[in-house]
Amino acid sequence: MYNGGNMQKLKLEEVSSGYGTEEIIHKISLKLTEPSIYVVLGPNGAGKTTLFRTISGILKPFSGKVTLDEINLFNSKEARRRIAYLSHLNALPEEMTVFNALKYYADIEGGDVEYTLDLLKLSELRDKKFSSLSQGQKKRVSVGKIFLRERDLYLLDEPTSNVDPKISKEIRELLIELSKNKFVLYSSHNLYEAREIGKYLIVIKNGELKFFDKIENVKTKQYRVGIKTLNDISSYLNAKVENGYFVFTVENPTEVAKIVKDLVDHGAEIIELRELDNPLQEFFEE
Amino acid sequence: MKFWKVTMKRSVKLSRTYFGLGIMFTIYGIVLSSLMTIFPPDVAPPSPVDLASNFPFLSVALLSMSGVFFSLPVVMLFVYDKNNGVLEYLLSTGLDQIDIFKGYVKASLVLAVYLLSFAVILNTAVGAFLGTGFNLLIIIAVLTVAIGVSEVFLVTVCMVAFSSLQKTPMGANQPAGVIIGIIPMFPALILPIIFPTHAITIDLFVAAITIVASLALLLSVGRLILREKLLP
Numbered sequence: 045m046y047n048g049g050n051m052q053k054l055k056l057e058e059v060s061s062g063y064g065t066e067e068i069i070h071k072i073s074l075k076l077t078e079p080s081i082y083v084v085l086g087p088n089g090a091g092k093t094t095l096f097r098t099i100s101g102i103l104k105p106f107s108g109k110v111t112l113d114e115i116n117l118f119n120s121k122e123a124r125r126r127i128a129y130l131s132h133l134n135a136l137p138e139e140m141t142v143f144n145a146l147k148y149y150a151d152i153e154g155g156d157v158e159y160t161l162d163l164l165k166l167s168e169l170r171d172k173k174f175s176s177l178s179q180g181q182k183k184r185v186s187v188g189k190i191f192l193r194e195r196d197l198y199l200l201d202e203p204t205s206n207v208d209p210k211i212s213k214e215i216r217e218l219l220i221e222l223s224k225n226k227f228v229l230y231s232s233h234n235l236y237e238a239r240e241i242g243k244y245l246i247v248i249k250n251g252e253l254k255f256f257d258k259i260e261n262v263k264t265k266q267y268r269v270g271i272k273t274l275n276d277i278s279s280y281l282n283a284k285v286e287n288g289y290f291v292f293t294v295e296n297p298t299e300v301a302k303i304v305k306d307l308v309d310h311g312a313e314i315i316e317l318r319e320l321d322n323p324l325q326e327f328f329e330e
Numbered sequence: 002m003k004f005w006k007v008t009m010k011r012s013v014k015l016s017r018t019y020f021g022l023g024i025m026f027t028i029y030g031i032v033l034s035s036l037m038t039i040f041p042p043d044v045a046p047p048s049p050v051d052l053a054s055n056f057p058f059l060s061v062a063l064l065s066m067s068g069v070f071f072s073l074p075v076v077m078l079f080v081y082d083k084n085n086g087v088l089e090y091l092l093s094t095g096l097d098q099i100d101i102f103k104g105y106v107k108a109s110l111v112l113a114v115y116l117l118s119f120a121v122i123l124n125t126a127v128g129a130f131l132g133t134g135f136n137l138l139i140i141i142a143v144l145t146v147a148i149g150v151s152e153v154f155l156v157t158v159c160m161v162a163f164s165s166l167q168k169t170p171m172g173a174n175q176p177a178g179v180i181i182g183i184i185p186m187f188p189a190l191i192l193p194i195i196f197p198t199h200a201i202t203i204d205l206f207v208a209a210i211t212i213v214a215s216l217a218l219l220l221s222v223g224r225l226i227l228r229e230k231l232l233p
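Line by line, the protein sequences give chains F and L. For what it's worth, this note's numbering labels the leading residue of the first sequence as 45, then goes sequentially. For what it's worth, this note's numbering labels the leading residue of the second sequence as 2, then goes sequentially.
Careful: at least some of the hints might be erroneous.
[To be verified] Some, not all, of what chain F presents toward chain L, calculated at C-beta under 10 Å:
#, residue
1, 100
2, 120
3, 122
4, 137
5, 139
6, 255
7, 256
8, 258
9, 261
10, 311
11, 312
Read the hints as simulated data drawn from the structure, not as lab findings. Cβ coordinates follow ideal geometry from the N, Cα and C atoms, glycine included.
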């Protein structure tokens, strides 16, 4: 894995952007100063892809500016070369073999194809035609192209969509490793995945920035907790039964430990305890 | 390997049909070029048109058109890459739209030069074998390359521009690029028949104007068409 990042700061100042005359994102300001995974959440059509395209310098902001270490990204080829952008499309020549498809980009922008094949465990696919691969395999190869050479900022638009859980986990592990010294912006619809890998959360809704903070600081009004037991605990726990779970709500997760202790003291044989709702869920609600 | 070289190779692999069409036009061109040698006209002057002198010039049209056919796959590849997200990724790697346009145009031109050279060499060899006048063969060769290359240049730039600007995918606007691109070919073919004594000058002038216009169009397109137009 790559070592040492040079990037200090990505800054968006009142950035509005879109296509033609249609403004999709409105006056977004962000300042990213710590190498980490920043999960970008938002419903479909919220403006996540437009945000990524604007940061990568493909779209010119209608107003405001995007700077990477104080360099205007739209105007600087050099600054743009420090960014890797993985769109939701595979963006690889379908008619080529996996090796040649990656080499196509390596020839244009530089990079190490063999290293990438090893890193993404693609060696067994190297001589297969890209068009003959399954959707999941295509996604893996597509992700591979952003690892051809080292960059400072990685913009990943749903990198684990269409990928099976095992590969998905491997990609997430790669990104977690990468984020130790690189900036990774990661858009996802998967709230559990977002919570698992993200340190920061950026929420976009209707083209506006609704939330930007550490995920651990996401506060929720109440937590719903489900408990599955071998015996009936309804007499000493005020809970509704939903899908085999005794469900109760607390205002703070720290209350759960005390409730569980009380239940065990009353003879409850607990076989499962889970948080039923994801706190990030509320960002998707109207 | 450079971007335009890879593009050229990909084009050759992707669309063999157009190469077949190009070769067919080349063969027609060679036959037409040698027709007056094989079957000398018995029309004695003063006829309205000096067929013996001018008829072979028609082969320039077919040989030049073969160049256009040879280069069409490059522009088809442009649309394919645009719809696939390849152009979007290339933009994100730091390339500008003009870099991308230039890459495809260069691939198209180099491919056309290779194949037009093959066509004129073949035509010259067949003509020499059949006994066509050497001067005429040289003139056909020079005019074919000049008009062919300028046509390919204009057609490619027009097609790339129209394909970028269209809102719906699938490259539906590409034919407009071909039609606009081949318009300058008509004066290059008709005027020499009307003014036979200035045939070479007229054709070279039309070719030069077309090249300058194509270059100006390419530079304008690179500035006027936004990066977002290359998005899928």
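Tested hints:
1. For residue 100/F, the interface hint holds, since its Cβ comes within 10 Å of a Cβ in chain L; the closest pair sits about 5 Å apart.
2. Hint status for residue 120/F: holds, given a least beta-carbon distance of 9 Å to chain L, under 10 Å.
3. Interface restraint check: residue 122/F against chain L, minimum CB-CB distance 7 Å, threshold 10 Å, status holds.
4. Interface restraint check for residue 137/F: the shortest CB-CB distance to chain L comes to about 6 Å, inside 10 Å, so the restraint holds.
5. Here the hint on residue 139/F is kept, as its CB sits about 6 Å from the closest CB of chain L, short of 10 Å.
6. Taken as an interface hint, residue 255/F does not check out: its beta carbon lies about 26 Å from the nearest beta carbon of chain L, beyond 10 Å.
7. Proximity of residue 256/F to chain L is violated relative to the hint, the smallest CB-CB distance being about 23 Å (cut-off 10 Å).
8. With 10 Å as the threshold, the beta carbon of residue 258/F stays out of range of chain L, its nearest partner Cβ sitting at about 28 Å, so the hint is violated.
9. The restraint placing residue 261/F at the interface with chain L is violated, with a minimum CB-CB distance near 31 Å, outside the 10 Å limit.
10. At its closest, the beta carbon of residue 311/F sits 60 Å from a beta carbon of chain L; the interface hint therefore is violated under the 10 Å criterion.
11. Because the beta carbon of residue 312/F sits about 54 Å from the nearest beta carbon in chain L, more than 10 Å, this interface hint is broken.
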